[in-house]
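Trainee: Given next are the chains, with one letter for each unit.
2 protein chains.
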Amino acid sequence: MTDSYPITARSRVKRVAKRAEYDRTAVHAILDAAMLCHVAYVIDGQPFCTPTLHWRRGDRLYWHGSSASRMLRHLATGVPVCLTVTHLDGLVLARSAFNHSANYRSAMCFGTAHLVTDPEEKRQALLDVTDRLFPGRNATLRPITAQEIKATAVIAMEIEEASAKIRAANAGDDDEDGHLPVWAGVIPVETVLRAEQPSPVLPATIPRPADLAPYAPGTRLDDALRATQILFASAP
Amino acid sequence: MTDSYPITARSRVKRVAKRAEYDRTAVHAILDAAMLCHVAYVIDGQPFCTPTLHWRRGDRLYWHGSSASRMLRHLATGVPVCLTVTHLDGLVLARSAFNHSANYRSAMCFGTAHLVTDPEEKRQALLDVTDRLFPGRNATLRPITAQEIKATAVIAMEIEEASAKIRAANAGDDDEDGHLPVWAGVIPVETVLRAEQPSPVLPATIPRPADLAPYAPGTRLDDALRATQILFASAP
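Residue numbers (this note's numbering), protein chains in the order written: chain A, 1 to 236; chain B, 1 to 236.
Hints are computed from structural coordinates only; laboratory data are not their basis. One thing to keep in mind: the hints can contain errors.
[Unchecked claim] Chain A regions said to be covered by chain B (calculated; three or more residues, Cβ under 8 Å): (1) 126-134; (2) 152-164.
[Claimed, not checked] Using C-beta positions, here's what the derived DEER-type ranges look like: (3) B:A146 x A:H74: 38 to 48 Å; (4) B:A213 x A:Q147: 51 to 61 Å; (5) B:Q46 x A:T145: 33 to 43 Å; (6) B:R12 x A:E148: 19 to 29 Å; (7) B:K14 x A:E148: 15 to 25 Å; (8) A:T112 x B:T145: 43 to 53 Å; (9) B:R15 x A:P6: 30 to 40 Å; (10) B:A195 x A:A146: 49 to 59 Å; (11) B:T77 x A:T112: 20 to 30 Å; (12) B:D118 x A:R12: 30 to 40 Å.
All values derive from a computational prediction rather than experimental measurement. Even for Gly, the Cβ is constructed at its ideal location relative to N, Cα and C.
Whenever a hint applies, use it, and build me the whole structure from the sequences.
Mentor: In structure tokens:
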């Protein structure tokens, strides 16, 4: 495995190519810092853009859903998809309208999605989706039932090509606009966790569990997800 | 104009249909509370999922980019797209792995995207993208140049069909799991604004401008965007 995804016609970043990266570390860092992705796929020429939760083992991305969902029934046959994760990091105000921008980190992943049909891989994937977010949590839960496994479809996609694109800078004004008496700068945007809201039917004797330790109030979601991905990937 | 988008084969929500809404108010509220969307489109059977900034006038969505970008060159001819906005609002932990979920608000919009070629509509759209985020800001900036207008492509899409999907609830445990000694609840997720970072080359005499008033540190981004959209939509 090389350190870089192949750069092809479909994955090459065309617009502001200087912001592009193709190495696995950069792509995985963006994927792992998010739980929400958007998956594009095509049915009879019509594109769909569906939000879903993803998780990763090596170069393989997973997502899941009801066995009855349109996306999953369609993907079952093995179809091309594009899975994209984007973090919005800031609003960028410049001295000209043209140079206004946004700070962001995004990763576009291309591959062929297929339904996970092997019973053991599917069971493991359904354990993974919980343990990836809350390492160790499955050990505290009752086992998944056969009916629950049946009701869920799991999709896997080997990342064949991918690109990352990052803007992390202050305003990029044209030199000739530098003298204008206009404010320019960045308004940072952060996605953070708040204090937990226990289920209203929960007995008061049940405390906040250890598997929530990475999700302390005020923590950035991307930091929490990076930390839990490391725990997940290093679990035996 | 009715209050609801038509419910068709492509827009009907299949999975957890009870979470679906089709009325304009619900769809617009989700769109207007975000600046980031993902656009799915197809080139030679290959789906692409591209993050971009969107803005809205009535039932018309706009986005823009470099005239050289792949997406925009492709969309210029009028092609089907699906534009999706998703807000992640919380992690939902249940007593069973199966009932873990997420709180979210998403809107999927279907339509035919086309390049805005009318010079006056294009110029207005490029004013709009700044004034939609920072109402009144254009009045403080130098005019957009003809070269800047040429270098930018603007895409418009009339929303033909759309659906909104919302989960905003605590854990939905099965009755038979209610006795299990396991914590269940929601970890809320919020996307918020932080203190501005002025451009390092900005003279210290230039204060934070009035157009940033809705973006006070600690404000939720969705609240700021809702407020600015109202100002934008009601401007003369």
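Trainee: Next, verify each hint and record whether it holds.
Mentor: Hint check results:
Against chain B, the segment 126-134 of chain A contributes 6 residues with a C-beta closer than 8 Å to a partner C-beta. That satisfies the three-residue criterion, and the hint holds. Under a criterion of three residues with beta carbons nearer than 8 Å to beta carbons of chain B, the stated coverage of the segment 152-164 of chain A fails, only 1 such residues being counted. Between B:A146 and A:H74 the beta carbon distance is about 45 Å. The supplied range of 38 to 48 Å therefore holds. At about 54 Å, the CB distance of B:A213 to A:Q147 agrees with the hint of 51 to 61 Å.
At about 38 Å, the CB distance of B:Q46 to A:T145 agrees with the hint of 33 to 43 Å. Separated by about 25 Å at the C-beta atoms, B:R12 and A:E148 satisfy the suggested range of 19 to 29 Å. At roughly 19 Å, the beta-carbon separation of B:K14 and A:E148 lies within the given 15 to 25 Å, and the hint holds. Between A:T112 and B:T145, the C-beta spacing of about 45 Å keeps the proposed range 43 to 53 Å intact.
Between B:R15 and A:P6 the C-beta distance comes to about 34 Å, which sits within the given range of 30 to 40 Å. For B:A195 and A:A146, the Cβ-Cβ distance of about 53 Å falls inside the hinted range of 49 to 59 Å, so the restraint holds. Checked against the hint of 20 to 30 Å, the pair B:T77 and A:T112 passes, with Cβ atoms roughly 27 Å apart. The hint said 30 to 40 Å for the Cβ distance between B:D118 and A:R12, and at roughly 32 Å that hint holds.
In this structure, only the earlier hint numbered 2 is contradicted, and the remaining ones agree with it.
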